[in-house]
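Engineer: Sequence:
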Amino acid sequence: MAVQKIRRVAFVGTGIMGAPIAGHVLDAGFGLTVHNRSREKADGLVARGATWADSPAAAAAEADVVFTMVGYPDDVEDVYLGAGGILEAAKKGAWLVDLTTSSPTLARELHDAAEVVGKHAFDCPVTGGQSGAEAGTLTLMVGAGEDDARILLPVLESFSSKVYYFGAAGRGQAAKLCNQVSLASCMMGYADALALAEQSGLDLDQVVDMMCDGMGGSAAMERLAPKSVAGDFRPGFLAEHLRKDLGLALMRADDLDLTLPGAETAFNLYDTLCTVGGSRLGTQAISLLYADEQTGFAAGLDWSRLDASEWEDEPGCAHDHCDHDHRGDGHGHCEHDHCGCGHHHGEA
255 MAVQKIRRVA FVGTGIMGAP IAGHVLDAGF GLTVHNRSRE KADGLVARGA TWADSPAAAA
315 AEADVVFTMV GYPDDVEDVY LGAGGILEAA KKGAWLVDLT TSSPTLAREL HDAAEVVGKH
375 AFDCPVTGGQ SGAEAGTLTL MVGAGEDDAR ILLPVLESFS SKVYYFGAAG RGQAAKLCNQ
435 VSLASCMMGY ADALALAEQS GLDLDQVVDM MCDGMGGSAA MERLAPKSVA GDFRPGFLAE
495 HLRKDLGLAL MRADDLDLTL PGAETAFNLY DTLCTVGGSR LGTQAISLLY ADEQTGFAAG
555 LDWSRLDASE WEDEPGCAHD HCDHDHRGDG HGHCEHDHCG CGHHHGEA
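Residues 255 to 602 (the working numbering) make up the sequence shown, in order.
Since the hints were made in silico from the structure, they are not lab data. Fair warning: this is a prediction, and the values are worked out from it, not measured in the lab. Incorrect hints may have been included.
As the list claims (entries may be wrong) - Restraint-style ranges between C-beta atoms, simulated for each label pair: (1) A282 - D332: 23 to 33 Å; (2) G283 - R559: 45 to 55 Å; (3) R488 - K416: 22 to 32 Å; (4) S436 - G554: 21 to 31 Å; (5) Q453 - V371: 21 to 31 Å; (6) D297 - R559: 27 to 37 Å; (7) G455 - W306: 46 to 56 Å; (8) E411 - S385: 10 to 20 Å.
Ideal Cβ placement from N, Cα and C applies to all residues, glycine included.
Work the whole structure out from these sequences, hints included.
Structural biologist: See below:
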C-alpha cells in the first residue's frame, strides 16, 4: 500500500547543499534521519534533532520519503542499486527522490526499477546554489507529473520557492542540464567581461553594477561576479560539479546529434580549472583563468599540472564522455593544449 501521509523523511548526502535542505525539512516538522559519508557534516542536523543512520539503507528503512543529494551519477547508482542499497531497503510505497544533478537515463532506470518492487522514484534536481538552499528558495525540476508528486508537495515546499513538473522520469534531469548549459555561458561571459574591464583600467565593482542594471546582467553576474572581484573563491557550488554537469549535457547532446559550442567551450575551461587544482573551488573561480600566475597560485592553482595531465589522469576527473587521453574525441570536449582563455601558462 502506498504511503498516505509523510511523517518520516530520510536524507542521504548532507554536504554544501544537502545539509541546509535537510535542515528545512526538519524545521517543517518532519521526522528526519540522515546519513553522510563524512559523519561530521551531519552533526549539526543531529544536534538539532535528526537521527543518525550508519548507512543509506539504514536511513531509508523506515522513511516515507528518501531524498538523496550525492556527487556523481556513479554515486547515485551505488546508493540506490548497490548491495544493500536504498531501493532494496526502502519500505513498500516509499518515495525515493534524487536531488543530485545526474543522468536522465539513470533517472529513468531508477524509476522503472522502483515501480517493479512497489516503490516510487523520480528525479528532482535543484537550482539556486548554496544561498538558495540556505534560504529555502530553491527551484525544483521534477521528473514526474504534478498529480503524481502531489503527496510530496509539503516536503518539497519546505526548501523551495518554485516547483516545475516535467511529466516523466528523466525529464527533470534534462531540464537541469539545460539550466547548467545556460549558467556556464553566463559564467564565461562575466569572466570575459571582467578581464576586459580590468585591462581597460575600469573599476570592477562599478562595471559589475552597470552590467547587472543592463542587458548584460544575469543571476551569475549578480551573485558570483562580486565574489570573483573580491577574490572569494569559496564554493557555493563546486567547479568540479559544474564540469560534471557540462559533461552530462554534452553526452546528452551527442545522443541527440546536437552540437553545443558554448557548452563545449565552457567544459574546456572548467576542465582546465579542475586540472590545475581548482576542482574544490567555487564556480566563480573561472575568473582565475584570466589572472596572473601569482594570483592563481595564491588561490591554489598550479599550472604545471596542466602538462602533467597529458600523462596522468586526475582523480575524480569525470571524463566519461571522452577518450580521456586528452587528445580529444572529435568534439573538442577534452583538449588540454590550451584552455581557450589566452592565459600564457608558465610565464611570470
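Engineer: State for each hint whether it applies.
Structural biologist: Taking the hints in turn, this is what the structure says about them:
1. A282 - D332: 23 to 33 Å: holds, 29 Å
2. G283 - R559: 45 to 55 Å: holds, 48 Å
3. R488 - K416: 22 to 32 Å: holds, 26 Å
4. S436 - G554: 21 to 31 Å: holds, 28 Å
5. Q453 - V371: 21 to 31 Å: violated, 60 Å
6. D297 - R559: 27 to 37 Å: At roughly 33 Å between Cβ atoms, R559 and D297 fall inside 27 to 37 Å, so the hint holds.
7. G455 - W306: 46 to 56 Å: Holds, at about 55 Å.
8. E411 - S385: 10 to 20 Å: holds, 18 Å
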